[in-house]
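Number of protein chains: 2
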Amino acid sequence: MKIVVDMMGGDHGLEATLPALKKFHESHPDVELIAVGDKAKIGEVPFEVVDAPEALRMDAGIMDVFRDKTSSMAVSIITAKDRGADAVISAGSTAAFLSLATLRLKKMEGILRPALISDFPTLEGGKTTILDIGASNENTPEELVQFAIMGSLYHKAVHKKESPRVYLLSNGTEEDKGKDVVKQAHKMLKESKEVNFLGNIEARETLSGDADVIVADGYSGNVLLKSTEGTAKAMSKLIKKAFKKNLLTKIGYLFARSGFKQMSKTMDYKSTGGAILLGINSIAVKAHGNSEPYGFYSALEVAYKGAKGGLLGEIRKGLKDGSAA
Amino acid sequence: MKIVVDMMGGDHGLEATLPALKKFHESHPDVELIAVGDKAKIGEVPFEVVDAPEALRMDAGIMDVFRDKTSSMAVSIITAKDRGADAVISAGSTAAFLSLATLRLKKMEGILRPALISDFPTLEGGKTTILDIGASNENTPEELVQFAIMGSLYHKAVHKKESPRVYLLSNGTEEDKGKDVVKQAHKMLKESKEVNFLGNIEARETLSGDADVIVADGYSGNVLLKSTEGTAKAMSKLIKKAFKKNLLTKIGYLFARSGFKQMSKTMDYKSTGGAILLGINSIAVKAHGNSEPYGFYSALEVAYKGAKGGLLGEIRKGLKDGSAA
Numbered sequence: 005m006k007i008v009v010d011m012m013g014g015d016h017g018l019e020a021t022l023p024a025l026k027k028f029h030e031s032h033p034d035v036e037l038i039a040v041g042d043k044a045k046i047g048e049v050p051f052e053v054v055d056a057p058e059a060l061r062m063d064a065g066i067m068d069v070f071r072d073k074t075s076s077m078a079v080s081i082i083t084a085k086d087r088g089a090d091a092v093i094s095a096g097s098t099a100a101f102l103s104l105a106t107l108r109l110k111k112m113e114g115i116l117r118p119a120l121i122s123d124f125p126t127l128e129g130g131k132t133t134i135l136d137i138g139a140s141n142e143n144t145p146e147e148l149v150q151f152a153i154m155g156s157l158y159h160k161a162v163h164k165k166e167s168p169r170v171y172l173l174s175n176g177t178e179e180d181k182g183k184d185v186v187k188q189a190h191k192m193l194k195e196s197k198e199v200n201f202l203g204n205i206e207a208r209e210t211l212s213g214d215a216d217v218i219v220a221d222g223y224s225g226n227v228l229l230k231s232t233e234g235t236a237k238a239m240s241k242l243i244k245k246a247f248k249k250n251l252l253t254k255i256g257y258l259f260a261r262s263g264f265k266q267m268s269k270t271m272d273y274k275s276t277g278g279a280i281l282l283g284i285n286s287i288a289v290k291a292h293g294n295s296e297p298y299g300f301y302s303a304l305e306v307a308y309k310g311a312k313g314g315l316l317g318e319i320r321k322g323l324k325d326g327s328a329a
Numbered sequence: 005m006k007i008v009v010d011m012m013g014g015d016h017g018l019e020a021t022l023p024a025l026k027k028f029h030e031s032h033p034d035v036e037l038i039a040v041g042d043k044a045k046i047g048e049v050p051f052e053v054v055d056a057p058e059a060l061r062m063d064a065g066i067m068d069v070f071r072d073k074t075s076s077m078a079v080s081i082i083t084a085k086d087r088g089a090d091a092v093i094s095a096g097s098t099a100a101f102l103s104l105a106t107l108r109l110k111k112m113e114g115i116l117r118p119a120l121i122s123d124f125p126t127l128e129g130g131k132t133t134i135l136d137i138g139a140s141n142e143n144t145p146e147e148l149v150q151f152a153i154m155g156s157l158y159h160k161a162v163h164k165k166e167s168p169r170v171y172l173l174s175n176g177t178e179e180d181k182g183k184d185v186v187k188q189a190h191k192m193l194k195e196s197k198e199v200n201f202l203g204n205i206e207a208r209e210t211l212s213g214d215a216d217v218i219v220a221d222g223y224s225g226n227v228l229l230k231s232t233e234g235t236a237k238a239m240s241k242l243i244k245k246a247f248k249k250n251l252l253t254k255i256g257y258l259f260a261r262s263g264f265k266q267m268s269k270t271m272d273y274k275s276t277g278g279a280i281l282l283g284i285n286s287i288a289v290k291a292h293g294n295s296e297p298y299g300f301y302s303a304l305e306v307a308y309k310g311a312k313g314g315l316l317g318e319i320r321k322g323l324k325d326g327s328a329a
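Chains as they are written, first to last, in the numbering used here: chain A, 5 to 329; chain B, 5 to 329.
Hints were generated in silico from the structure; no laboratory data involved.
All values reported here derive from a predicted model rather than from experimental measurement.
Honestly, I wouldn't trust all of these hints.
Identical copies carry no separate label here, and so any pair may be met within one copy or between two of them.
In silico DSS-like pairs for lysine-lysine, Cα to Cα no more than 25 Å straight-line [to be verified]:
| hint | residue 1 | residue 2 |
| --- | --- | --- |
| 1 | K197 | K160 |
| 2 | K237 | K181 |
| 3 | K183 | K110 |
| 4 | K181 | K111 |
| 5 | K110 | K181 |
| 6 | K269 | K249 |
| 7 | K6 | K111 |
| 8 | K183 | K111 |
Whole structure, please, built from the sequences with the hints as guidance.
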């Protein structure tokens, strides 16, 4: 298995990627790692390094991105293509990564639109897979049906769960609820035989763990992802504030600490590693921009599990068999 | 000022509405209250009662709703129309209330689409007004511009804030981000002179307090509302679980309690009272279905503030003057 890694992208650059990659190399000796970054700064490492010292500028416009062939992100994606890598990973700009990966690695045959996919932690300690979270703005019913298939295969490959429970995001659970594209997708999914489709789900149930996969158009999925993350962050701030109120509450924290550490673990977005662009000819993992070593390591783990689970092959097969696709 | 109240709607019916109304009557002697409900059960009260003993059935189909002229909700809305009430309020089914209010009270002249509006508590203890949260599924750019005007006038009338800061929900802060309808609305709002428009806002900033008003199409606004509420609820569950972990954490709660009580107050959705349908010829307030007396009282308070602030007149005026409307 071959994984190409952009070492320079993300807020922390090498400070995050290098320790993560070293640790990953130790724990996964079966993987051929190709690190793309500043060779001089990376120094002696027990895996291949391709020299590309400059990260993509965060303020690069879309035309700059398309012309760029020297940034560590561009070189990573080009290397992934030339070397037939199973996965490529970067913590750089999401928009640039989506554009470059789609441009250079190309859509899989039969795929209408690639989708950006991410896992949410659930209250029960499991994961819910959501797609699309922003590769598109608007989607057709046919695209939503493909997202359901891809999401289901992803969840199966990465989380090892047979027959994942797939839901469609809507503003009501009844099948006639939602905008037209959602109502049409609902009808098509009900007929579909490859997906274990269980109906509509409302945005308030995202964290309940009832769904393994939630399908949404890219714009709504993005709103869902960001409002969930934003609210969780806001609540965490309020918890800190509550414990800091006065001396008594500070003492309370000392007693209650262990419970809240467990809570942080349950709600740990970093452990989900980042997002994957599915539907192109490689597993393209976008790690969180502010990833620290642990988060970047989790993203590498996601790429690894996807490749190990034969995700791309499964999607190719799923699309061929799939009458709904 | 005249307010008509559906006494029988909502999960708790008279148990919630009657104590709330009695208290409201005491604190607002200037308001003429018309209670619509089961006269025998309501008994002796110091305000007018219109007899309509039956609540609308929760499983009523849309055609039942349109034909219905005897349920407490239908009678409330008809009474509001006949008596020229300033506001009408119900805790019954949202879909039925929206349909009936629009059908019987009619859209205001010049309004393209009514919008359902709600307040979110912010981290700083303020309120952010969000619309549309579900009266429509999809909206045109022109409708979004009207929502911005209505939301701004609502915030000014109810929260007494001059020149409310208005943002447009999108999946990025740059003005070229979002689906087409959002990009077009952005351009129109930038030109608008009646609205203090400050640009796009992402769903993760909803609770930050940066925005006084957030404008969204009904489908996305509904996703935003429900995922924020759902995540806040999920986090509250986790906090309880954290404190209940073991004896030590339980002791911790005793010390930290005062901080967390303050937090509950900050995040108290019930204090926002419910949602208002704006753009029809009355202030139609939909109280939360599970409102208890305190929540229903808050909803009455919202209706009162809107009427007192001359909200309907302001909207009529705003639409007439508004080049953007």
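Tested hints:
no.: 1; hint: K197 with K160; verdict: within (16 Å within a copy, 53 Å between copies)
no.: 2; hint: K237 with K181; verdict: between (30 Å within a copy, 24 Å between copies)
no.: 3; hint: K183 with K110; verdict: between (30 Å within a copy, 23 Å between copies)
no.: 4; hint: K181 with K111; verdict: between (32 Å within a copy, 23 Å between copies)
no.: 5; hint: K110 with K181; verdict: between (35 Å within a copy, 23 Å between copies)
no.: 6; hint: K269 with K249; verdict: both (24 Å within a copy, 14 Å between copies)
no.: 7; hint: K6 with K111; verdict: within (20 Å within a copy, 62 Å between copies)
no.: 8; hint: K183 with K111; verdict: between (27 Å within a copy, 22 Å between copies)
The structure agrees with every numbered hint stated previously.
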